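Engineer: Residue strings, one per chain:
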Amino acid sequence: MANAPDTVQFSALSTEAIRTGGTGRRRRSAGGTRTLMLVLLPAFVVLAVFYFYPMLTVLIAAFNDPQLGWQNFQWFFGQQVNLDVLGRTLLISFWVTVICVILAFPFSYFLTVVTPSTRSFLMLIVLIPFWTSTVVRTFAWVILLQDSGPIGAFMKLFGVDSLGIIRTPTAVLIGMAQVLLPFVVLPMYATMSKIDTRLLTAARSLGARPSKAFVSVYLPLSLPGVASGALLCFVMALGFYITPAMLGSSRDAFLSTLIQGQVQGLAQWGHGSVIGFVLLVVTLVILGVAGYVGKKTGGSVQDMVGGSKA
Amino acid sequence: MRRRIWAAAALTVTGAIALAGCSGGSSEPVPTISNPVAGQVADGILKGHTVTYAGDGGTTQDAQMKAFFTPFADKTGVTFNQDSPQTLAKIKAQVESKNYQWDFISGVADTVARNCGTLFEKLDMSKIDTSKVADGLLGGTECGVPSIAYAIVQVYSTDDFGTNGPQSWADFFNVQKFPGTRAVYSGDGVIDSATVEAAAIAAGWDPSTDFTADWANKGLDEIEKIKNNIAFYSTGSQAQQMMESGEAKIGAIWNGRALAAEKNGKKLTPVWNDWISIVDQFAIIKGTPNAEIAYYAINYAMGAEQQAKWTELSGYSPVNKDAQPKIDELTQKYITTTKERAATSVPVALDFWKDAAAVSTLQDRWSSIVAGG
Amino acid sequence: MNNEVRPLTKVLLSIVTVIIAIWLIAPMLIVFPISFSGDPSFQFPPRSWSTRWYESFFTNSQWMDALGNSALIGLLVAIVGTALGTIAALAINRSTSRLAQTAQTLMLTPMIVPPIIAGAGIYTFFLKADLVGTIFGFVMVHVCLALPLVVIAVNASLSGYDRSLELAAASLGANRLKTFFTITVPLIAPGILAGAVFAFVTSFDEVIVAQFMVSPALQTLPIMMYTSVTRTTDPTIAAAAALVLAAILVAFCLYQFVVVPLTRRSRKQQVSE
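Top to bottom, those sequences are chains A, B and C. Take 1 as the starting number for the first sequence in our numbering and just add one per residue. Take 1001 as the starting number for the second sequence in our numbering and just add one per residue. Take 2001 as the starting number for the third sequence in our numbering and just add one per residue.
Heads up, some of the hints might be wrong.
Here are the simulated PhoX-like pairs of lysine-lysine, each with C-alpha atoms no more than 20 Å apart in a straight line [stated by the list, open to error]:
| id | chain 1 | residue 1 | chain 2 | residue 2 |
| --- | --- | --- | --- | --- |
| 1 | B | K1321 | B | K1132 |
| 2 | B | K1132 | B | K1263 |
| 3 | C | K2128 | B | K1286 |
| 4 | C | K2128 | B | K1098 |
| 5 | B | K1286 | B | K1122 |
| 6 | B | K1333 | B | K1267 |
| 7 | C | K2010 | A | K212 |
| 8 | B | K1092 | B | K1286 |
| 9 | B | K1092 | C | K2128 |
| 10 | B | K1075 | B | K1127 |
| 11 | B | K1333 | B | K1263 |
| 12 | B | K1127 | B | K1286 |
None of these hints come from the bench; they were simulated from the model. Since this is a predicted model, take the numbers as computed values, not measurements.
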């Protein structure tokens, strides 16, 4: 089993995966663009037919269902509830990201200071929720957080009459944070593992206290990883549907829930599509802004997912 | 690596062809129905044919299968497929693309009524025996016959209120007199006619008069007034869980779910004053080639024996007045088709709710209350 | 590696880490007691205990078929997706063309765009193409959703990959194909493997788009679980979830306590030889 990818390699790869990219030295390949396109053809045919085509039909419906025109957009921006839900989606996604970053940072830092075997163990711990389905995880939270659940019973001992967490934004935050934490830990760890700790030693030997060395040397160096993780978490949170639907009340609905309602229950493709369109635009704007800011500070959006730096 | 791709591609293509090939059916035409009798059908008459039904899913659909459609399939030889939920968008897509995945459904009466003629067939009533249908359940829409007769009834937790619980819809919407979280149906995206009518009663609507958009708005006002005390449920099982866990102390829920919660040990008291009578409909998808088979199935489901079994399994009332279900006291508590119950019922005013234009402005207001901050 | 953290800091950090680790795993363990509940209820603690939900799961052909379908689809997605994604990642990585960056972003779109948007359109598309409820259609759509993860995983492997090894092989006389299969593939194998695992998991757990692709004849496990939780109060989902979770935990323990020590031992043997 000499070639079995051991846990260290495995986990290091998955962290590298989300953070860095293929930075193999550029090599002159014969044919350049043409070979590239030929080789990519099967993947793109599949993507085009089975993903982009359906996606585009939905987005186009925003403009021409039931008639060609802007009426769906007028409807969207005319209904206060749509704007409220958009705001709520952004706000809760923001708070989930904040919570995840705060929790992931010490966790990731700890990963860099332990022995490799502990590290791989902890890494797998992080990946286990990733491998259990969202439905199962959210279901577990529903049971735990319901008023008559174990946490509620536990709190009764302290005189708390009704727990009142289930079907509130708090429950949604807890559930979503657990689902998204792995996605923040991995990029963060990937960056942190590359930080040369001799810099810290150097700072200390120059007279800085350990805490000051940490704040002025380590933190700035870890920032790209924090940023990638936060960005990934935020973007994914925006599109969530199951967790807010199961843990929150209908008044905690996300944009995806609204789309589901319009499309499934009311068969109003125009309305559903325009909500989808807005959600997509918001996501792209955020990525664009992050990319712009990243360029200014030397990072790159591509850092988030790695790959070609052409 | 390339070899792997070819192997996988070959696998999937073969699989697809095999699956596609299995969709062939019998080439013999289905014998036309004549002189239908509810609950009866000739043996083996539909052998070689297939029909697909889409319903609410869950325990309700399980009961429908056990009481109606599995015996139906056994008797007629038809291959009976079921699916859930009966998503309206899917129906619309099927009708537009003429690729019929479902043949008939059981759905909310307003939705059937609003789409009568466009998404659902106007029923040929000579093909269905409705002579034994309980009073007051028929009519309302040309595209449906009763499938599930149930109620939105106010229930409250007996442990929390004892004998001093709310007695009317006005009480339901009075949070000062009766504090606590209320469980209300979110309509799962669609405005719920029964809930709005209940709220309108609380606002002062007299059910013996016509239901109008004005009263609908007054009802929505009531709901909006107490929305911070409302926990919306989007499915029956959520309502049941809310009442069982104590998250909601009072609820406007379906009688079948109240029964299920009581069976799980939760003590509830129903308030039958002005309960809203709802009748879901069997409806046939417009244009499906298996419409005739659907008529057979619907007829069979309406028989006395089948309806008795349905009640025994689901706790919902039989639509056939000759049905004699053997049920316990607890189930009897929630039966809605007795004379005593019928006297205090308020039906959903389908004449109002089938007008799509009138409903769409109310729909936006409903969505705003349900999803809004 | 850094070991210059003060002991106190290390202790504090380890406490925080342990708490977070518990929070990540422990909640899911609740499905175990619920799966033994005697009532069709999610109330905890259960009024009575029974194994009826496990019986229900194993004797119900719907659940078993769904499990089989999910496993089959997941496997096919892993195979097809890894193949397509690996080739694509390699090609993009090696290319000097500016198109490569655009190609990469396009390939990552399914991970970033909320799945409901494409899912809604897939039903209509499938109806027109008569693909509803077919394994083929299902696999193809899930391959699209899995491609971003495969590309990312393979990219990660490529980033640590030393191209001069290929040069060395070439200078020893190996042609490009031989170099590819004997040098490149084994070295990026961990990335490919990781990608395959991610692809399988993505497909096995997918609900949002799957709900537009299922049919009475083709149900998947996550759809059954989601319907089970929202539309019924049927603890069979707890039994199903408990079994899946148990399988994952067993695999984890096996890997951590059997495979890893074995690998280490064999490596020690190799070194000492």
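Engineer: Could you run down the list of hints and mark each one as holding or not?
Structural biologist: Hints versus structure:
Distance hint between K1321(B) and K1132(B) is fulfilled; the C-alpha atoms sit about 6 Å from each other, no more than 20 Å. Restraint check: the Cα-Cα separation between K1132(B) and K1263(B) comes to about 30 Å, which exceeds 20 Å; the hinted pair is violated. Under the criterion of a C-alpha separation no larger than 20 Å, the hint pairing K2128(C) with K1286(B) is consistent with the structure, at around 17 Å. Restraint check for K2128(C) and K1098(B): satisfied, since their Cα atoms lie roughly 8 Å apart, inside the 20 Å limit.
Simply put, K1286(B) and K1122(B) have alpha-carbon atoms about 8 Å apart, close enough for the 20 Å limit, and the pair holds. Taken as a hint, the K1333(B) and K1267(B) pair is honoured in the structure, with Cα atoms around 13 Å apart against an allowance of 20 Å. Our distance criterion of 20 Å between C-alpha atoms is met by K2010(C) and K212(A), whose separation comes to about 17 Å. Between K1092(B) and K1286(B) the alpha-carbon distance is near 10 Å, which keeps this suggested pair within the 20 Å criterion.
A distance of roughly 13 Å separates the Cα atoms of K1092(B) and K2128(C); the hinted pair therefore holds under the 20 Å criterion. For the given pair, K1075(B) sits about 19 Å from K1127(B) by alpha-carbon distance, which is consistent with the 20 Å threshold. With a CA separation close to 12 Å, the supplied pair K1333(B) and K1263(B) stays within the 20 Å bound. With a CA separation close to 16 Å, the supplied pair K1127(B) and K1286(B) stays within the 20 Å bound.
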